[in-house]
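Visitor: Residue numbers (our numbering), protein chains in the order written: chain A, 31 to 513; chain B, 31 to 513.
Take every hint as true, because none was put in to throw you off.
Treat identical chains as interchangeable: a pair holds within one or across any two.
Under the rule of at most 16 Å between Cα atoms (straight-line distance), these lysine to aspartate or glutamate pairs were calculated in the EDC-like manner:
hint, residue 1, residue 2
1, K493, E214
2, K414, E401
3, K257, E280
4, K414, D400
5, K303, E380
6, K134, E88
7, K135, E88
Simulated from the structure, these hints should not be mistaken for lab results.
2 protein chains.
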Amino acid sequence: MLTPTTSNSQQQALLVALAGVLGAHGLLTDANDCARFTTGARYGQGSTLAVLRPDTHEQIVDCVRLCAEAGQALVLQGANTGLVAASTPDATGRFVVLSLERLKKHIEIDPINRSVTVDAGVTLQELNDALEPQGLFFPIDLGANPSIGGMIAANTGGARLIKYGDVRQNLLGLRAVLMQPAGEVLDLQSALRKNNTGPDLKQLFIGSSGAYGIITRAVLQVHRIPKQTATALVVPRDQAAVLELLSILERDCSEFLTAFEGVSGAALQAVLKHIPSISNPFAPEPLPNYCVLLELASTADPQVTGIDLESVLMRCLENLFGDVVENAVVGRGKDLWRIRHAISEALRHEGKMIAFDISMPRSSFVAFRDEGLALMAEKYPWIKVMDFGHWADGGCHFNMVWPQGEGIPQFDNQVVQAIRTEIYDLVVHRYHGSFSAEHGVGPYNLDFYQRYTSTAAQVLAGKMQSMLDPQRLLGLTWFGPVQ
Amino acid sequence: MLTPTTSNSQQQALLVALAGVLGAHGLLTDANDCARFTTGARYGQGSTLAVLRPDTHEQIVDCVRLCAEAGQALVLQGANTGLVAASTPDATGRFVVLSLERLKKHIEIDPINRSVTVDAGVTLQELNDALEPQGLFFPIDLGANPSIGGMIAANTGGARLIKYGDVRQNLLGLRAVLMQPAGEVLDLQSALRKNNTGPDLKQLFIGSSGAYGIITRAVLQVHRIPKQTATALVVPRDQAAVLELLSILERDCSEFLTAFEGVSGAALQAVLKHIPSISNPFAPEPLPNYCVLLELASTADPQVTGIDLESVLMRCLENLFGDVVENAVVGRGKDLWRIRHAISEALRHEGKMIAFDISMPRSSFVAFRDEGLALMAEKYPWIKVMDFGHWADGGCHFNMVWPQGEGIPQFDNQVVQAIRTEIYDLVVHRYHGSFSAEHGVGPYNLDFYQRYTSTAAQVLAGKMQSMLDPQRLLGLTWFGPVQ
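Using the sequences and the hints, build the whole thing.
Guide: If you want it as structure tokens, here you go:
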């Protein structure tokens with residue numbers, strides 16, 4: 031599969047045909063023009079013969095037909111914000127990039143149904159800008175600004191999943207273009223919350239890294255923008271108290287809990303050290319060993335409900351003081367979230383980042399963290415673990431930094447791979463967790479997919495992929511067993 | 031496919047082998063013993079050679095291997111509460127029933143993770159009884175008491191979907207036995223809220239009427255039992271005001287809204303006429319033309335939040351009086367829900383029921399209902415439409431009754447089929463709705479699946495079915511194009 035299947039003259043003929051479909055702005059072949067499409071957001075630098083930039087669904091259908099006929103492989107790209115190298119071509123040059131960033135004409139809001147029909151190339155921010163005047167938003171809360179198609183292909187989760195669910199839980203319908211029969215359109219654009227009319231085929235395309243078909247349009251359930259929020263940065267008594275705090279919040283504040291983000295003391299220290307505009311929120315107290323950023327939100331009208339969420343949060347925390355909670359800062363939501371959002375940048379100042387996107391049952395968190403930290407301290411004492419995570423949904427960025435300096439081993443990719451394997455083995459085998467919580471699977475972590483996915487599951491995923499893309503032209507990720 | 035593929039002597043040999051696997055209690059062949067397994071909850075009376083009643087997953091694996099080897103077709107049955115005839119055999123005798131009702135040993139609750147691992151034969155009531163001491167419940171609210179496996183196979187929704195979602199949205203993992211390779215186990219029993227490690231294979235088995243594989247275990251997200259509810263039966267100004275009321279409630283009471291059930295005046299009249307213990311809740315006012323049963327619920331601790339939901343509801347409705355709302359009864363939640371739950375029984379007293387389980391975008395409800403009522407009044411004036419529906423999630427039971435009496439045409443199945451086709455055509459073609467909202471697809475409505483599902487979707491669904499069950503031994507429902 032790694033050698034181009036088309037000859038040079040065939041490729042030239044294909045490019046001429048594609049130019050006919052896409053017009054002058056729709057086809058890039060100059061290497062400078064193509065550069066940003068071949069560079070991954072975190073991993074990967076590839077090369078491509080051309081970038082196809084259709085701005086209509088019909089052009090995509092035509093491109094797919096032409097490419098399938100020519101045996102030309104495609105890699106799909108939305109806003110190119112993915113973190114597993116699934117949206118950029120490899121270095122072989124055998125792929126052309128099919129970019130959907132210009133497919134963004136259509137945004138149709140149905141406020142009574144609380145739904146929106148949207149082209150796949152529309153970005154999350156563009157969608158939310160269009161929804162805002164109606165008091166609505168698409169509640170998948172991410173650090174990046176991906177396209178809607180990319181969000182579906184990765185089934186993104188984010189920081190507020192416990193309240194709103196992931197993309198899958200908010201996707202009512204979609205339209206996809208298939209590779210087999212090439213260019214066939216599967217139109218499943220319904221805007222229904224209840225619809226059980228046979229197998230739900232749209233599920234095939236969610237979280238499949240673009241390997242099963244090309245999403246060109248989505249119908250999404252949207253939500254009302256909250257009318258008030260209350261935020262606190264809380265220091266739990268110890269690690270076990272983090273889980274106690276989560277259970278108590280779900281019991282006492284239940285429907286209001288929108289975020290429960292654990293932040294390690296090491297991550298917090300890095301933020302204060304490298305981001306000068308952020309100061310210790312607990313001053314004059316020293317920084318804690320661990321803290322939790324928690325948020326309550328209410329979408330209801332406070333004049334009708336009489337709810338003042340900040341008071342609710344204060345009351346809830348007061349009951350816990352001295353027992354579950356040692357310290358807390360309530361209010362200043364923007365400032366507190368700034369701390370949380372500054373972690374990734376701060377970590378980069380500390381050295382080379384080794385990022386993790388793992389998850390586990392919430393009940394495993396304390397034991398996993400203890401064991402993970404002990405493992406690292408024993409075997410890789412020069413590595414700094416600076417973890418943070420979405421405890422309410424089980425997601426954990428068990429991130430680490432490899433610093434530079436005297437007495438510290440040189441950065442070594444093989445050691446990094448060994449660390450990743452040990453941490454993933456721990457989370458998957460011992461704690462029944464996942465090696466990829468919200469970033470999906472692509473070339474960057476495909477070897478781990480093969481390591482942790484049962485043979486039965488790989489066989490079935492591969493059979494489906496062969497059925498949907500028998501020439502194996504779509505994307506870089508093969509979900510079947512290694513051949 | 032309609033003739034038995036096994037000869038009598040082969041069948042006898044198979045029964046002996048199955049008896050070896052299942053033991054004395056696990057295999058029924060006596061026609062009296064089998065009767066309750068061959069009679070559908072609403073439709074269908076079939077016959078079967080035997081009922082297989084495994085009580086372990088391993089027995090199911092062995093049964094599947096033996097049946098696949100013998101070419102023996104199976105129909106899966108949970109608690110046999112389905113309404114589309116998918117869980118009972120047809121009259122040909124070519125099926126044996128694989129009943130999962132004895133597969134119910136395992137219920138393992140993780141209260142910190144708010145999840146439960148449960149055998150497929152456990153019923154909804156049994157599950158909720160086990161969860162109740164932990165303050166937890168599985169929130170799919172149904173009139174029946176199905177098995178968990180059946181609920182997944184039908185992706186049931188129910189009356190509180192707007193708050194809790196459907197089964198799909200609460201299913202974290204499952205284990206299935208495949209027909210190809212026969213008896214292969216696909217173990218996807220993770221308890222994770224964030225897990226994107228390739229195509230989500232468990233989705234194949236949700237809402238597929240048991241045609242793609244045999245679910246033997248599920249991992250479910252569960253929820254905290256609400257601490258308070260507030261209920262009202264509300265008379266909106268007119269039909270348009272129903273949608274206004276829904277929008278206002280979502281704006282003002284948002285996260286508390288758990289049910290919004292429309293009830294037609296005709297259905298209400300039937301309840302009062304035939305259920306003597308229920309009296310007019312609006313007395314001394316006459317019955318309204320239409321009313322809405324709405325429910326708010328809060329899981330949070332009222333001592334912490336200070337919320338009194340009944341006051342919230344009163345305040346909200348007071349603002350609407352004279353404009354959107356004409357009358358309302360607040361409180362007496364049990365009595366008000368009794369009215370709603372009595373509708374089906376009351377309708378049976380009125381004549382022969384023609385049941386509908388349709389859905390549409392919420393924004394289409396008023397126009398659909400107007401047009402549907404006008405169509406019936408014009409073409410079938412003797413039929414009484416007595417509809418009710420879950421307006422918040424778009425579900426609508428546009429049920430009707432064919433009464434007996436002087437001047438009324440004799441009940442005629444062909445006319446019923448014509449009515450069903452006209453109503454489905456209206457909802458699907460004109461209002462972009464669904465002919466099966468929450469009951470799924472089975473022999474009862476397979477012809478409508480074929481009528482309303484695009485060829486591309488049927489081809490893909492059929493390809494998957496052929497891949498998963500090449501001998502076509504599993505169940506009565508073929509999702510591919512008519513052959």
